[in-house]
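Participant: For the sequence shown, full-length UniProt numbering begins at 1 and goes up steadily by one.
Hints listed in this document are in silico derivations from the structure and should not be mistaken for laboratory results.
Careful, some of the hints might be misleading.
[To be verified] Label-pair distances were calculated between CB atoms; the ranges are: (1) Asp-85 <-> Thr-317: 48 to 58 Å; (2) Thr-31 <-> Leu-225: 33 to 43 Å; (3) His-49 <-> Pro-277: 24 to 34 Å; (4) Gln-268 <-> Pro-50: 41 to 51 Å; (5) Leu-7 <-> Thr-330: 23 to 33 Å; (6) Ile-302 <-> Ala-338: 23 to 33 Å; (7) Ala-338 <-> Glu-269: 29 to 39 Å; (8) Leu-225 <-> Phe-113: 34 to 44 Å; (9) Thr-242 <-> Trp-79: 52 to 62 Å; (10) Gln-273 <-> Thr-90: 42 to 52 Å; (11) Gln-273 <-> Lys-319: 29 to 39 Å.
[As the list claims (entries may be wrong)] Straight-line alpha carbon distances no greater than 25 Å define the calculated DSS-like cross-link-like pairs of lysine-lysine that follow: (12) Lys-177 <-> Lys-226; (13) Lys-46 <-> Lys-177; (14) Lys-58 <-> Lys-46; (15) Lys-272 <-> Lys-177; (16) Lys-199 <-> Lys-272; (17) Lys-199 <-> Lys-58; (18) Lys-226 <-> Lys-46; (19) Lys-58 <-> Lys-177; (20) Lys-319 <-> Lys-236; (21) Lys-223 <-> Lys-236; (22) Lys-223 <-> Lys-177; (23) Lys-226 <-> Lys-236; (24) Lys-199 <-> Lys-46; (25) Lys-58 <-> Lys-226; (26) Lys-223 <-> Lys-46.
Quick reminder that beta carbons are idealized off the backbone N, C-alpha and C, glycines included.
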Amino acid sequence: MSPQANLIFITSLLLGTTITISSNHWIMAWTGLEINTLAILPLISKSHHPRAIEAATKYFLTQAAASALVLFSSMTNAWHTGQWDITQLTHPTSCLILTSAIAMKLGLVPFHFWFPEVLQGSPLTTGLILSTAMKLPPMTLLYMTSSSLNPTLLTILAILSAALGGWMGLNQTQIRKILAFSSISHLGWMAIILIYNPKLTLLNFYLYAVMTTAVFLTLNTTKVLKLSTLLTAWTKAPSLNTMLLLTLLSLAGLPPLTGFLPKWLIIQELTKQDMAPAATLISLLSLLSLFFYLRLAYCTTITLPPHTTNHMKQWRTNKPTSTAIAILTTVSVMLLPASPMILTIV
Numbered sequence: 001m002s003p004q005a006n007l008i009f010i011t012s013l014l015l016g017t018t019i020t021i022s023s024n025h026w027i028m029a030w031t032g033l034e035i036n037t038l039a040i041l042p043l044i045s046k047s048h049h050p051r052a053i054e055a056a057t058k059y060f061l062t063q064a065a066a067s068a069l070v071l072f073s074s075m076t077n078a079w080h081t082g083q084w085d086i087t088q089l090t091h092p093t094s095c096l097i098l099t100s101a102i103a104m105k106l107g108l109v110p111f112h113f114w115f116p117e118v119l120q121g122s123p124l125t126t127g128l129i130l131s132t133a134m135k136l137p138p139m140t141l142l143y144m145t146s147s148s149l150n151p152t153l154l155t156i157l158a159i160l161s162a163a164l165g166g167w168m169g170l171n172q173t174q175i176r177k178i179l180a181f182s183s184i185s186h187l188g189w190m191a192i193i194l195i196y197n198p199k200l201t202l203l204n205f206y207l208y209a210v211m212t213t214a215v216f217l218t219l220n221t222t223k224v225l226k227l228s229t230l231l232t233a234w235t236k237a238p239s240l241n242t243m244l245l246l247t248l249l250s251l252a253g254l255p256p257l258t259g260f261l262p263k264w265l266i267i268q269e270l271t272k273q274d275m276a277p278a279a280t281l282i283s284l285l286s287l288l289s290l291f292f293y294l295r296l297a298y299c300t301t302i303t304l305p306p307h308t309t310n311h312m313k314q315w316r317t318n319k320p321t322s323t324a325i326a327i328l329t330t331v332s333v334m335l336l337p338a339s340p341m342i343l344t345i346v
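Generate the whole structure from the sequences, applying the supplied hints.
Facilitator: Next comes the structure, spelled out in structure tokens:
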């Protein structure tokens, strides 16, 4: 793909995201979502591989259905209340339809089936955009309408997402699919707290985006797509692989790394809201995803393949690690331990 075309698509993505985030009117928010969908499609299918074309088709059909539901929900609300303002979503049926539409856009269970397939068919850089930037506009709409949504429905969706995201990632060998299921289980954590403390949802999303970006960029540097190649990637950039290990453990939510911070705060908030059973359940379900993060971490730092077949070792690269990866991995690992010190200095 030519740089000019790439620039146009990336600019359109930024434009669509900005329109949705800054709009008050449902039609403007819908327009931003549509621009986003159309701009990402060429980036998914640019390799012209049949799997990439299939991923782009699945993505288009799912997002088109979700956009139609967003429009239907806002029109139903406007019909009953005369309001097109996003924050004035008060009609119960509209709230229900909107929750389904945004769940479809984000890939929350039970509308998650498209996400692992699309991520598997996309290049790593496009996968990164799909996992982080493309989730920001729907999250913003959820944030703006959080006071009107149904808490029981969101809690059920959240617990199912945490369960299936962890469970279905257990026997995967493709790293992009593992990261897709990881994304689904993280979305469960974001959805469960949305009604009670929307700012915590945003904090969780931002930290998840930082950690996922660090993982995707590291994998893109070492050109690793599946577990068998991850086993021998340690020879290519040993220091980068060590940081990847820590970032993966941070994504798993192990203390004292950054990823523990949102989980800690969410469990605390749920307990305050008398939802201790839900907090216990979602914490136990996060152990499922911890298993595949530990498997990835083990494969990252292992020095010999665990079977007798001879693997070709990769040549060590002389390219310096990019500054972006250095900053992102440091933030992904050190933000929680360093925050008391930063607060003391400030």
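Participant: Could you tell me which of the hints above the structure violates, numbers in ascending order?
Facilitator: Going through the list in order, the structure violates hints 3, 7, 8, 10, 11, 15, 17, 24 and respects the others.
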